[in-house]
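My request is simple: use the sequences and hints to build the entire structure.
Chains as they are written, first to last, in the working numbering: chain S, 1 to 111; chain X, 1 to 111.
In short, the hints are calculated from the structure, not lab data.
Predicted model, so just to flag it, every value in this text is computed and none were measured.
Be aware that a few hints might be false.
As the list claims (entries may be wrong) - Below, a list of computed lysine-lysine pairs in the DSBU-like style, where the Cα atoms sit at most 30 angstroms apart:
hint	chain 1	residue 1	chain 2	residue 2
1	X	Lys-62	S	Lys-26
2	S	Lys-56	X	Lys-44
3	S	Lys-69	X	Lys-44
As the list claims (entries may be wrong) - Stretches of chain X that chain S covers, calculated by requiring three or more beta carbons in the stretch to come under 8 angstroms of a beta carbon on chain S:
hint	region
4	42-49
5	90-102
Just so it is clear, CB atoms sit at the ideal spot from N, CA and C, and this is done for glycine as well.
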Amino acid sequence: SQQGEEDPQALSIQEGENATMNCSYKTSINNLQWYRQNSGRGLVHLILIRSNEREKHSGRLRVTLDTSKKSSSLLITASRAADTASYFCAPHQTGANNLFFGTGTRLTVIP
Amino acid sequence: EAGVAQSPRYKIIEKRQSVAFWCNPISGHATLYWYQQILGQGPKLLIQFQNNGVVDDSQLPKDRFSAERLKGVDSTLKIQPAKLEDSAVYLCASSLFETQYFGPGTRLLVL
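The following block contains the structure:
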């Protein structure tokens, strides 16, 4: 399968806590991207990490990539109610033209 | 910078009717994508254009779905005739490099 598989499928935390989502994939990749989707909206790009990178930060987001294990994680620190959304990882398979999205992790942040 | 525009936002039709969706990508973005997102799932690529040429339409049900991107700018996706299982959100995205920018989507309900 070319798509990423997110884990857990659903996550519920209190505001202020950290949220960690994981992604596994099966092919060699050029990069891996994370997207967020608020209910009823389109997807928003969060961060891209290349295959030669191990960790990347953007604001309250921290992404790690382990190509030997074909896995990635997305950490959201100090979560806010506005972070409530579905989060998708999208591996960009080497040689492919497009991204393949999994079913996502549904994050609920309780105020 | 204006985002990806889609219309209509919502559409309700009877099965066997036809429907068309329109997308205007971000100015200058050569690549345009149409995705289908069924409730509870991640987006599934239907077709990808590079300028006005098709790069990938392997998952487009060509017996009922068609898409065009005349002049390499805006695009239309058509379903004719629609089936109940076509009920979904249809997302358009565009990209210049690796990051995809999504429109708000068109929510289709087939009765």
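Exercise. Looking back at the numbered hints, which does the structure fail to meet, lowest number first?
Worked result: The structure conflicts with no hint, since it agrees with every one listed earlier.
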